[in-house]
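Required output: the full structure, derived from the provided sequences and hints.
There are 2 protein chains.
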Amino acid sequence: MTDSPDSTSPERDERHRARMVRKKAVIDARIAEAQDERGLLLVHTGIGKGKSSSAFGMAARALGHGMKVGVVQFIKGRRDTGEQLFFRRFPDEVRYHVMGEGFTWDTQDRARDLQSAAAAWAVAVELLRDPAIGLVLLDELNIAFKHGYLDVDQVLADLAGRPAHQHVVVTGRGAPPALVEAADTVTDMSLVKHAFQAGVRAQQGIEW
Amino acid sequence: MTDSPDSTSPERDERHRARMVRKKAVIDARIAEAQDERGLLLVHTGIGKGKSSSAFGMAARALGHGMKVGVVQFIKGRRDTGEQLFFRRFPDEVRYHVMGEGFTWDTQDRARDLQSAAAAWAVAVELLRDPAIGLVLLDELNIAFKHGYLDVDQVLADLAGRPAHQHVVVTGRGAPPALVEAADTVTDMSLVKHAFQAGVRAQQGIEW
Numbered sequence: 001m002t003d004s005p006d007s008t009s010p011e012r013d014e015r016h017r018a019r020m021v022r023k024k025a026v027i028d029a030r031i032a033e034a035q036d037e038r039g040l041l042l043v044h045t046g047i048g049k050g051k052s053s054s055a056f057g058m059a060a061r062a063l064g065h066g067m068k069v070g071v072v073q074f075i076k077g078r079r080d081t082g083e084q085l086f087f088r089r090f091p092d093e094v095r096y097h098v099m100g101e102g103f104t105w106d107t108q109d110r111a112r113d114l115q116s117a118a119a120a121w122a123v124a125v126e127l128l129r130d131p132a133i134g135l136v137l138l139d140e141l142n143i144a145f146k147h148g149y150l151d152v153d154q155v156l157a158d159l160a161g162r163p164a165h166q167h168v169v170v171t172g173r174g175a176p177p178a179l180v181e182a183a184d185t186v187t188d189m190s191l192v193k194h195a196f197q198a199g200v201r202a203q204q205g206i207e208w
Numbered sequence: 001m002t003d004s005p006d007s008t009s010p011e012r013d014e015r016h017r018a019r020m021v022r023k024k025a026v027i028d029a030r031i032a033e034a035q036d037e038r039g040l041l042l043v044h045t046g047i048g049k050g051k052s053s054s055a056f057g058m059a060a061r062a063l064g065h066g067m068k069v070g071v072v073q074f075i076k077g078r079r080d081t082g083e084q085l086f087f088r089r090f091p092d093e094v095r096y097h098v099m100g101e102g103f104t105w106d107t108q109d110r111a112r113d114l115q116s117a118a119a120a121w122a123v124a125v126e127l128l129r130d131p132a133i134g135l136v137l138l139d140e141l142n143i144a145f146k147h148g149y150l151d152v153d154q155v156l157a158d159l160a161g162r163p164a165h166q167h168v169v170v171t172g173r174g175a176p177p178a179l180v181e182a183a184d185t186v187t188d189m190s191l192v193k194h195a196f197q198a199g200v201r202a203q204q205g206i207e208w
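Protein chains in written order, with the UniProt record's numbering: chain A, 1 to 208; chain B, 1 to 208.
Wrong hints could be hidden among the right ones.
When the alpha-carbon atoms are kept at most 16 Å apart in a straight line, the in silico EDC-like pairs for lysine to aspartate or glutamate are as follows [as the list claims (entries may be wrong)]:
id	chain 1	residue 1	chain 2	residue 2
1	A	K68	A	E126
2	B	K76	B	D109
3	A	K193	B	E181
4	A	K68	A	D92
5	B	K68	B	E93
6	B	K193	A	E181
7	A	K24	B	D109
8	B	K68	B	D92
9	A	K76	A	E126
10	A	K68	A	D109
11	B	K68	B	E126
12	A	K68	A	E93
13	B	K24	A	D109
14	B	K23	A	D109
15	B	K68	B	D130
16	A	K23	B	D109
FRET-style restraints, in silico, Cβ to Cβ [as the list claims (entries may be wrong)]:
id	chain 1	residue 1	chain 2	residue 2	range
17	A	I47	B	S9	23 to 33 Å
18	A	E11	B	G77	49 to 59 Å
19	B	G174	A	I47	20 to 30 Å
Counterexamples of contact, computed for chain B against chain A with all Cβ distances above 12 Å [what the hints assert, rightly or not]:
id	residue
20	K49
21	M67
22	G82
23	A157
Think of the hints as simulated: they come from the structure by calculation, not from any bench. Just so you know, even glycine gets a beta-carbon here, dropped at the ideal spot from N, CA and C.
What follows is the structure, given as structure tokens:
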């Protein structure tokens, strides 16, 4: 475990310094090896919290660097999400599309869900063909795969055809294996615990 | 696995509808039970990507709902991070503090790191005492615990004393057990794969 913050001594400080010198050498060498730059495909999956919010945090980062961002939300949940309210402030920088028809257990209409998934993907393809867009965020796309509303191979073909420098981040539980295989960076957000389990309702600024 | 998107039939659609009706009943009951509303303590830990970006996505959400946000970054990395460049656009809504002294393997100076961690925590405490701030983001705070730069018990006491409606999100690898215990929602971002492993360097809009 950690030492207490006040336990400092010349010996301990020197041990720390020597350890960090070694660590820095290892890390610097790894950074020097990693020189490739290209548009990445990132996948945020798993049952924990943070998949979509992390993608929106990347959108904020990208905007900070002057990039343009495209968003397609494949699940139309509540209309007043914080992310939508916020990123719609910047219409010249963010193309924001809320598509889909709500969570499928709300609609209970498979035929309509199939149609709206296809329409949402058509909008995504427009973004994936626009070299001016540096980051494309496909929020809850994995849910469309889970219900068989979109064909993974077709989606992967469209992703592969995007501009070379364009980043894409896909979110949602249950990323299909072929998407994980194709991705550059994959994070599984795993649930350690969630306030909902303790009877706390979804709150603004946190879940939406 | 998923069926192909075009395999639709009246029987299949009806099975789908019946399954979703049952699912909706279960989910609606769970939502009805979760009625508590209060400021949450969230922890993003693990070795995967997405801990800080998810916290910044929550900041965007909170701003969308008209909340004010306070940020303390406990590690001073590169100066031109996208999150800093972006969120500093909104000085009336975001109090943004970059503290700390870089990754400890860069500084190699434990005494100085201790001092800068204490100074960063003093700034965090100001935010934690301000009821006008709806979300406090303590980025890479866990790194300070890992190196023994801050006392977990003192930090937890300060967190416990914050305004009742204020949310706090803490990021960083290796969250200490006492922090996990105290938290309402904990996500472990686990690494499935990372582009860095394939020789891709950290890129703007993605890692910074």
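Cross-check of the supplied hints:
1. For the hint pairing K68 of chain A with E126 of chain A, the CA-to-CA distance comes to about 14 Å; that is within 16 Å, so the pair holds.
2. About 14 Å separates the Cα atoms of K76 of chain B and D109 of chain B, which keeps this hinted pair within 16 Å; it holds.
3. At most 16 Å may separate the alpha-carbon atoms for a hinted pair to count; K193 of chain A and E181 of chain B meet this at roughly 10 Å.
4. Proposed proximity of K68 of chain A and D92 of chain A is supported: the alpha carbons are some 8 Å apart, at most 16 Å.
5. Between K68 of chain B and E93 of chain B the CA atoms are separated by roughly 5 Å; this keeps the pair inside 16 Å, and the hint holds.
6. Restraint check for K193 of chain B and E181 of chain A: satisfied, since their Cα atoms lie roughly 10 Å apart, inside the 16 Å limit.
7. The straight-line distance between the Cα atoms of K24 of chain A and D109 of chain B is roughly 13 Å, inside the 16 Å bound, and the hint therefore holds.
8. Annotation: proposed proximity of K68 of chain B to D92 of chain B holds, straight-line Cα distance about 8 Å (limit 16 Å).
9. The suggested pairing of K76 of chain A with E126 of chain A is violated, with an alpha-carbon distance near 19 Å, which exceeds 16 Å.
10. Of the supplied pair hints, the one linking K68 of chain A and D109 of chain A is violated, its CA atoms being roughly 35 Å apart against a limit of 16 Å.
11. With a C-alpha separation of about 14 Å, the suggested pair K68 of chain B and E126 of chain B falls inside the 16 Å cut-off, and the hint holds.
12. In summary, the hint linking K68 of chain A to E93 of chain A is supported, as the alpha carbons are separated by about 5 Å, within the 16 Å threshold.
13. Note on K24 of chain B and D109 of chain A: the hinted pairing holds, with a Cα-Cα distance of about 13 Å set against a maximum of 16 Å.
14. Note on K23 of chain B and D109 of chain A: the hinted pairing holds, with a Cα-Cα distance of about 13 Å set against a maximum of 16 Å.
15. About 10 Å separates the Cα atoms of K68 of chain B and D130 of chain B, which keeps this hinted pair within 16 Å; it holds.
16. With a C-alpha separation of about 13 Å, the suggested pair K23 of chain A and D109 of chain B falls inside the 16 Å cut-off, and the hint holds.
17. Taking the beta carbon of each, I47 of chain A and S9 of chain B are about 31 Å apart, inside 23 to 33 Å as hinted.
18. Hint check: E11 of chain A to G77 of chain B, Cβ distance near 29 Å, so the stated range 49 to 59 Å is violated.
19. In this structure the hint that G174 of chain B and I47 of chain A lie 20 to 30 Å apart at CB holds, the actual value being about 22 Å.
20. For K49 of chain B, the requirement that its beta carbon stay farther than 12 Å from each beta carbon of chain A is not met, with the minimum near 5 Å.
21. Distance check on M67 of chain B: its Cβ comes as close as 5 Å (rounded) to a Cβ of chain A, failing to clear the 12 Å threshold; non-interface status is violated.
22. Look at G82 of chain B: its CB is around 3 Å from the nearest CB on chain A, not clear of 12 Å, so calling it non-interface is violated.
23. Every CB of chain A lies more than 12 Å from the CB of A157 of chain B, the least distance being 14 Å, so the non-interface label holds.
The earlier numbered hints that this structure contradicts are 9, 10, 18, 20, 21 and 22.
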